[in-house]
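Protein chains in written order, with our numbering: chain A, 8 to 187; chain B, 3 to 284.
Just so you know, the hints here were simulated from the structure itself, not pulled from any lab data. Note that the structure is a prediction, hence the values are computed from the model and not measured. A virtual CB, placed ideally from N, CA and C, is assigned to each residue, including glycine. Please note that a few of the clues may not be correct.
Claimed, not checked - Partial selection, computed: residues in chain A whose CB lies under 10 Å from chain B:
no.	residue
1	A17
2	Q64
3	T174
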Amino acid sequence: AVVSTQSTGASFSSGTRMRKLVTDKKSTEVSVMIQNTFEASILLEKFPKSQIDIFVQVLQGDGGERCVAINATTLALINSGIPMKDYVCACAATIYQDTALLDINHLEESARGPLFMLAVMPKSERIVQLQLDNRLHNDNLDKVVKQTIQGCKDIQVLLDRKIKERTVEAAAAYDIKPRV
Amino acid sequence: MASICLSTAEHKYIVESIEQDYRTDGRSCEDYRQIEVETRNLPNTNGSSRCKIGKTEVLVGVKAEVVDVDIHYPMHGKINISVDCSATASPQFAGRGSALKEEEILTVLNLLYTSIDALDLASLCIVKGESCWLLNIDVLYIQCGGNIFDAASIGLKAALHSTTMPNVTVAGEGIEMELEISDDPYHVWRLNTALCPICVTLYQVGQSFAVDVTEEEEECSTGHIHVGILSSGDVSAMEKSGAGNMDPEALLEMIDTAVKIGEEIHKQLDEHLIAEGQSATL
Numbered sequence: 008a009v010v011s012t013q014s015t016g017a018s019f020s021s022g023t024r025m026r027k028l029v030t031d032k033k034s035t036e037v038s039v040m041i042q043n044t045f046e047a048s049i050l051l052e053k054f055p056k057s058q059i060d061i062f063v064q065v066l067q068g069d070g071g072e073r074c075v076a077i078n079a080t081t082l083a084l085i086n087s088g089i090p091m092k093d094y095v096c097a098c099a100a101t102i103y104q105d106t107a108l109l110d111i112n113h114l115e116e117s118a119r120g121p122l123f124m125l126a127v128m129p130k131s132e133r134i135v136q137l138q139l140d141n142r143l144h145n146d147n148l149d150k151v152v153k154q155t156i157q158g159c160k161d162i163q164v165l166l167d168r169k170i171k172e173r174t175v176e177a178a179a180a181y182d183i184k185p186r187v
Numbered sequence: 003m004a005s006i007c008l009s010t011a012e013h014k015y016i017v018e019s020i021e022q023d024y025r026t027d028g029r030s031c032e033d034y035r036q037i038e039v040e041t042r043n044l045p046n047t048n049g050s051s052r053c054k055i056g057k058t059e060v061l062v063g064v065k066a067e068v069v070d071v072d073i074h075y076p077m078h079g080k081i082n083i084s085v086d087c088s089a090t091a092s093p094q095f096a097g098r099g100s101a102l103k104e105e106e107i108l109t110v111l112n113l114l115y116t117s118i119d120a121l122d123l124a125s126l127c128i129v130k131g132e133s134c135w136l137l138n139i140d141v142l143y144i145q146c147g148g149n150i151f152d153a154a155s156i157g158l159k160a161a162l163h164s165t166t167m168p169n170v171t172v173a174g175e176g177i178e179m180e181l182e183i184s185d186d187p188y189h190v191w192r193l194n195t196a197l198c199p200i201c202v203t204l205y206q207v208g209q210s211f212a213v214d215v216t217e218e219e220e221e222c223s224t225g226h227i228h229v230g231i232l233s234s235g236d237v238s239a240m241e242k243s244g245a246g247n248m249d250p251e252a253l254l255e256m257i258d259t260a261v262k263i264g265e266e267i268h269k270q271l272d273e274h275l276i277a278e279g280q281s282a283t284l
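Let the hints inform the model, and build the full structure from the sequences given.
As C-alpha cells, then:
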C-alpha cells in the first residue's frame, strides 16, 4: 500500500493568526515526516494496490504539535483497524542547564534551546523518527535519548489504556466481554 | 462530504417522506437536529466557538488585529471571514479539493455580514480616519454532515458574542500617535451581537421544503435558499442556489416558517450564551 499524508494547522492554532495553506513549507515538512514514520510501522503488505490516507488537522498549538500528531495518528490507525508493528509514540525533550525537560510547551520552545523529538516503537525501543533542532552537546545526547524513550513509553501506557477502555465499551454494545 | 450514492428506491423514499412531513429520522420538515454550542474553547483567540448540528461540526475562531482604516469607511472597523474545510471532514477536501466548497460557504457568510450594522463596525474604530480593529474570523469544518451553512452562522454568532476586545489608549497626535493595547484580561469590552443574523437554509425536495437536511436529503434536493434572520424576526439577506425552480407561493410560506424557526434559534442561543457566560465568570 501507499501512505499519503496531509497535515495542516488551523488559522487560529498559533499565537499570531496565519492563513495556513496546504502547500505551506512547514505543513509539508510535517506531512512528509508523518508519512515516513507510518510507512515504517504499518504492515503495508497487507493492503496491496491500495492507498492509506492520513489527514491531520491541528486545532490548537502550544508546542509539541509534531509529537501529538504522531500519537493521534497511531490512535486513529488503531481505531480504523489498520495493522501496525507496534504503537508509535512520540515525545520531545530539551536540555536546560544539564536537566532534560520532557514535553516542552510553546513558551519553552521559544527559548531556542535544543529541541529533540523522537518517535519510538515502545516495546522494542526501536526509533522510527528522530529530529533535532538547534545545538545539543554530545555529552548530553545519551541522557536526552533515555529520557525521551521513557517519555514515549509513558505515553504508550496511556494510549493502551484508552484503547482497551474503548474496546470494552464497543464490545459491550454487542454483548461481548473481551479479555483485556 | 463523501459522495453520497443513493439508489432510485432510496431517492424516492426520501423525497416522499419529506413531502409527507415525516422524514427518515422521524423529524418534521421544520425540525432541527440537536444543536450543541460551546464557546471560549480556543485560548489562542479573542473569541471562539464550536457548533455541532447532528454530525456537522464547525469551529470558529475570532482574532483581532489593529490595521489602517478603509478609505471608503474611515469611521468603521473591518471583518475578514475565511472558511477552511479540513481534509478530516471528507477525503474530497484533500489538497485543493475544498476550494469550491469553501467559496460557496464564504459567499453565504459574507452575504450575512455585508451590512455594517450586523456587527456595529463603528465600535471597532479606534482612531477615526486612522486605525481600526480588523476581526479575522476563521471557520473550520471538522465534520460535514448536512446543513453546513446554518452551523457556520450559529458558530459565528456564538464566537462573536464570546469575543473579548482589549482596550486601547491613544497617546500623542498625528505622526507621533501611539496606540497602547491593554494586556489586562479583565479590562476588556464585548461586541454587540444583537443584530448578528442566523442563516436558515431551506432545501426544496420534491414539492416541499425542509430545513436542516442531512447529506442524503441534500442529494435529493433540487435547490436551496439561504435566509438570513435577525433575532427581531427581520430578514436581512436571502439567496437562492441550485438548479431547481421554485413555486413562489410555497416559497413565501416557507420563508415565514424559516423566520419563526430563526427567531426560536436566536432566543435559545442567546439564553445559552448568557448562561454559559455567567458560569464562566463564577
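Results of checking the hints against the structure:
Among the interface hints, the one on A/A17 holds; its C-beta lies about 5 Å from the nearest C-beta in chain B, closer than the 10 Å criterion. Contact between A/Q64 and chain B, as hinted, is supported at the beta carbon level, the nearest pair being about 5 Å apart and thus within 10 Å. Residue-level restraint check for A/T174 is violated (minimum Cβ-Cβ distance to chain B is 23 Å; threshold 10 Å).
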